[in-house]
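Undergrad: Those protein sequence lines, which keep their order, are chains B and D. In case it helps, the working numbering puts the first sequence at residues 1 to 858. In case it helps, the working numbering puts the second sequence at residues 1001 to 1251.
Take these hints with a grain of salt, some might be off.
[Stated by the list, open to error] Calculated Cβ distances over 12 Å to all of chain D for the following chain B residues:
1. Arg83
2. His612
3. Gly795
[Claimed, not checked] Taking beta-carbon pairs under 8 Å as the criterion, some of the chain D residues facing chain B (in silico):
4. Leu1096
5. Ser1135
6. Thr1156
7. Met1170
8. Ile1226
9. His1227
10. Asn1228
11. Arg1236
12. Ala1238
[Stated by the list, open to error] Derived, one-sided and incomplete: chain D residues facing chain B with beta-carbon distance under 8 Å:
13. Cys1164
14. Gln1184
15. Asp1188
16. Arg1209
17. Pro1241
18. Gln1243
Since the hints were derived computationally from the structure, they do not count as laboratory data. Built from N, CA and C at the ideal position, the CB exists for glycine as well.
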Amino acid sequence: MHSLASRIAIVTVVLVSLAVGIAIGATWLVSQRIASEAVTDSLAATQAMQRYLQRSSARELALTTDLLASDPHDTAYLVEATRGQIDDDGDIDRHSILDLVDDRRREMGFDFAMMLDADGRVLVRTDRPDSSGQMLGEHSMVAPVIKDLIPEYGPWREGNRLFNVAVVPLTTAFELIGFLLTGLAIDEDVAADIKRVTGVDVAFISLDEGSLHLGASTLDLQRSERLFAQLQDADIVLERLRAGQAVGRLDVDLGGEAWVARLEPVTAPGGEVLGAALAIDSLDARLAGFRTVQTALILGGAFAIIVAFALSLLVARRIARPVSQLATAADQAAQGDYEQSIDIKRKDEVGTLARAFNRLLGDLREQQEIAGYVTDLSRQLDENAGSSTSSPSSGVTGEVKKGSAWVIGIEWPGDPKDTEAGLPDLVRTAKRHKASLVPGGGARVVLVLDTNHGDRLPGLIAEVLEQVRQSGDRAAMALSFGDIDSTSLELGPTRYPVLSGKPVIHVEALLREAGPGHMLISPVAHKKLEPAVEAGRMETTITQGRSGNRRFHQLTAAHAETDAGATATVSQAQKTLPRQKLKEGRVLGDRFEIIDAIGEGAMGSVYRARDHKLDDVVALKLLKPALANDPEYLDRMTSEIRLARRITHPNVLRTHDFFEIDGLPIISMEYVHGITLDQLLKRSGRLKLAAGLRVTTQVLQGLQAAHDAGVLHRDIKPGNIILDPRGNARLMDFGIARQVVNEGKDVTQTGAIVGTANYMPPEILLGEVADVRSDIYSAGVMMNELFTGKLPFSGKTSMEVCMAHVQQQPAAPSELWPDIPLPLEAIILKCMAKEPGQRHTSAKALLDDLLKVRRESV
Amino acid sequence: MQYTKSIISITARWLTLFVAPWLAIGTLAADGRFAEVEQGLDPDATETQATARIEGRVELLSENGERLRDRRKFANAVIYFEADDPGEFSPPEEPLVMTTRRREFVPRVLPVAVGTEVAFPNEDPILHNVFSNSSGNPFDLGVYGESPGKSHRFDTPGLVRVFCNVHSRMSAHIVVIDGPHFTQPDRDGNFVLEDLPPGPGRLTLWHERSEPKRTRMTLESDSEYIHNAELELTVREATPPRQRMRRRGRY
Chain B
1 MHSLASRIAI
11 VTVVLVSLAV
21 GIAIGATWLV
31 SQRIASEAVT
41 DSLAATQAMQ
51 RYLQRSSARE
61 LALTTDLLAS
71 DPHDTAYLVE
81 ATRGQIDDDG
91 DIDRHSILDL
101 VDDRRREMGF
111 DFAMMLDADG
121 RVLVRTDRPD
131 SSGQMLGEHS
141 MVAPVIKDLI
151 PEYGPWREGN
161 RLFNVAVVPL
171 TTAFELIGFL
181 LTGLAIDEDV
191 AADIKRVTGV
201 DVAFISLDEG
211 SLHLGASTLD
221 LQRSERLFAQ
231 LQDADIVLER
241 LRAGQAVGRL
251 DVDLGGEAWV
261 ARLEPVTAPG
271 GEVLGAALAI
281 DSLDARLAGF
291 RTVQTALILG
301 GAFAIIVAFA
311 LSLLVARRIA
321 RPVSQLATAA
331 DQAAQGDYEQ
341 SIDIKRKDEV
351 GTLARAFNRL
361 LGDLREQQEI
371 AGYVTDLSRQ
381 LDENAGSSTS
391 SPSSGVTGEV
401 KKGSAWVIGI
411 EWPGDPKDTE
421 AGLPDLVRTA
431 KRHKASLVPG
441 GGARVVLVLD
451 TNHGDRLPGL
461 IAEVLEQVRQ
471 SGDRAAMALS
481 FGDIDSTSLE
491 LGPTRYPVLS
501 GKPVIHVEAL
511 LREAGPGHML
521 ISPVAHKKLE
531 PAVEAGRMET
541 TITQGRSGNR
551 RFHQLTAAHA
561 ETDAGATATV
571 SQAQKTLPRQ
581 KLKEGRVLGD
591 RFEIIDAIGE
601 GAMGSVYRAR
611 DHKLDDVVAL
621 KLLKPALAND
631 PEYLDRMTSE
641 IRLARRITHP
651 NVLRTHDFFE
661 IDGLPIISME
671 YVHGITLDQL
681 LKRSGRLKLA
691 AGLRVTTQVL
701 QGLQAAHDAG
711 VLHRDIKPGN
721 IILDPRGNAR
731 LMDFGIARQV
741 VNEGKDVTQT
751 GAIVGTANYM
761 PPEILLGEVA
771 DVRSDIYSAG
781 VMMNELFTGK
791 LPFSGKTSME
801 VCMAHVQQQP
811 AAPSELWPDI
821 PLPLEAIILK
831 CMAKEPGQRH
841 TSAKALLDDL
851 LKVRRESV
Chain D
1001 MQYTKSIISI
1011 TARWLTLFVA
1021 PWLAIGTLAA
1031 DGRFAEVEQG
1041 LDPDATETQA
1051 TARIEGRVEL
1061 LSENGERLRD
1071 RRKFANAVIY
1081 FEADDPGEFS
1091 PPEEPLVMTT
1101 RRREFVPRVL
1111 PVAVGTEVAF
1121 PNEDPILHNV
1131 FSNSSGNPFD
1141 LGVYGESPGK
1151 SHRFDTPGLV
1161 RVFCNVHSRM
1171 SAHIVVIDGP
1181 HFTQPDRDGN
1191 FVLEDLPPGP
1201 GRLTLWHERS
1211 EPKRTRMTLE
1221 SDSEYIHNAE
1231 LELTVREATP
1241 PRQRMRRRGR
1251 Y
């Protein structure tokens, strides 16, 4: 799964698992080590305690025995028994000695006792009553006592058992009678005592040359046996013990349990190893505590992982759901569907994103709407122009002919976007000149002009050249003439026109050779064009083909005659049919070349021209002769234009300059492809809310810019708003309308009042000075018209309309459009307040209010 | 009547003057006679003067065979002669003395003739006890403090080992001899036994730490015998060690 939620969840789980795993692993390792060390320490301590206890016990034994040996009566008894009477040559009275010794042994609780003579020979021993005579004088425990008569005590091995033994001299005042030797077995009680003190299990083994014998042990029988078995197998251990070394750590397995043993040799005074003392501790028991911790960690960790997983999934979903919503919406929007809105109300970044996205979508919707209007309108206008039944919005399929025709091929190299960008213009061009457009495949377009309409050729060529130039001069062009044939190919639901004939082949060949921006012509075409060339309508030259091998004829320019039959096209601002004063192709002042007429305005005709100096297309307004001849007017015009030039705003059509060229007063302005708002309104009636708001805000932004520059528009009306192909509104015809006498609906009073009556504010009508708020009033009227489709005041004459502005209250917009948002209605009515003081104080204030409405409506 | 009184008084005075000294002398003589006996002289022998005499020197050797240099050791040796036919002799009238002084029996070796009474005064400020388990002469005088103490008559010949109940380091020997012929060597080891009855008998040399060395002898009258001997002190002397208990033992 690649979803955001699952990724976050997985990462979180992995992190938590890692943390838990590390914690568990670390504790396990550390606990093992700690337990092991604890065991080793406790064992060492136990053995130290063992040694201490044994020494104490042996010393105690020695002291007791010494006390015993000091008893005068016993001494008297023993000396009599040993040395007897002066006349005795007889045997020592062993029986009596044994009797006393054993008696004392029993009293004191020794396990055995012996009496040795002064040389160390056994006189009697209680463990072997019938034996005597064993020489112990050399014994490592006895010899020192014989030497210095100081009692000795320590470990002793008798048979397979270990004892603590004491050897004590028996003396009178002056004579050594013999030695008393007593022993206490190191038995279960001793072991138990040690365990009680140390808390650790102990065991004793006796070790001689050959074998090992288990002595006392605090472990139960089973464990003792297992321990013993493992000891017998541990040769290294035994070796070390025999060498008199301790074995610090021996791991033993007692029935599946891990125990640790420590062994110390029990050595006799002479160095002989008698056996070993063991301390054994259970590793598992030590680890028990840690195991609990571990288990707790594991459980806690597992719980934490589960919780982390659940929580992260939850949080991730919370984040991811809106994000995925946004993603889906964005995806759909990318495919052109702007109709969604994201309902996410959050305070974090996702919320911000959602709100921004919604605003963006709103913008796109508005644009789409406007664009929709524009294309809609252009389509319909095209229909009015009486073109053929083809639909320019698809712009591809054209009527196909048969017979002799001119074929123009245009090919854009590289980016197919260039092709698409140029298509709409080509479509219009074709339409205008009655040519058909056929897709040539890929980045190629073919125009076919029937010879019946051959007189349109120059104009067509001129426009094609023009368009190619305008689009960067990258396309290659070719022109040929001849008989063509056509069919159409149906592939599924689509019909593909197929063109064939010699001209097609010529065009293909020529396109291969044509350089960017060049139009090559076939020899046949060239021949056909000779009369036109001679007439000066076309210019040709010879040029090298791209391959460099051949030379071709190139058409460099064509001049179209003015065409009385040409209808207004999409790209023109359509007012009334232009009264042409300037011909197409006329060059003014060596700079401006008239391309065609755009329309007729209040002040004069408007033309589209090419500014050769700046190599740009501009609009030229030729002032009416009446105005041109008024020097006062011209002065005012100059100063107005000076002001208007200062306004540089995307929503204001730029005024460039004011010339007098060839005796003609001309204003040059920015040229924009587009339709006016009143054209749009005529077709569609009224604008939808989003579109209307968009247009209005743009107009007001432009208006504010003008006000900032100190210029009042004075003539705000839909006719002065032009919408470019992207649907952006531009304000034009600034302030220049003042003191201009207009035709049509205009008030025909010389002097003060100018502007269209429909949009005129009351105070102007009453003769007061105009200011910013007058423009606002006009904007309000325009808004009314935009959103409701009707003017607030109407009348048969302009006089009626003017009176209505001054006296009547405007109809509430909600009556004409019930769904109007109330804030919007309020704004419109405020703009149209009779008193300027009651209106918005500036375009910006109005704009702010509108933006609020716009935000809330999105 | 005046004459009777004066005659009696004169006679009394005269008797006293003349008889008393004789009584005194007689007593003295009797004493002297006892003294003679004390010295081991048989009264019969006084009359006959038919005695033997043994003199000699005793050498004390350690276990290794080395001569002991310590002269004080000779004090603990006894040399005596027991005739097969002991005859009559009377023990001394005055008891012999073995004192407890500074936690020791003094002397440590006391030879006595059988029948002699030995007194055991206590010169120490502390309580002492005197007892013996030796066969033939067992006794226990109880515990008493500084006092003349008690005494005991030793009626059986043999070796009596004397101990103090209270103090384990106190012991002594009383050698009860069947006869009056005994002596102790001087500091050089020389000894003399005189007025020995002729006839067979046994000469015994003994040290508290040795086996008795017995020699059978038949004494001729009016003979002098030289008897030198070596006594091996086979019993080890137990001098109290500086340290009572080994400190660390073997652990």
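Undergrad: Checking against the hints above, which ones are violated?
TA: Of the numbered hints, 1, 4, 6, 8, 9, 10, 14 and 15 do not hold.
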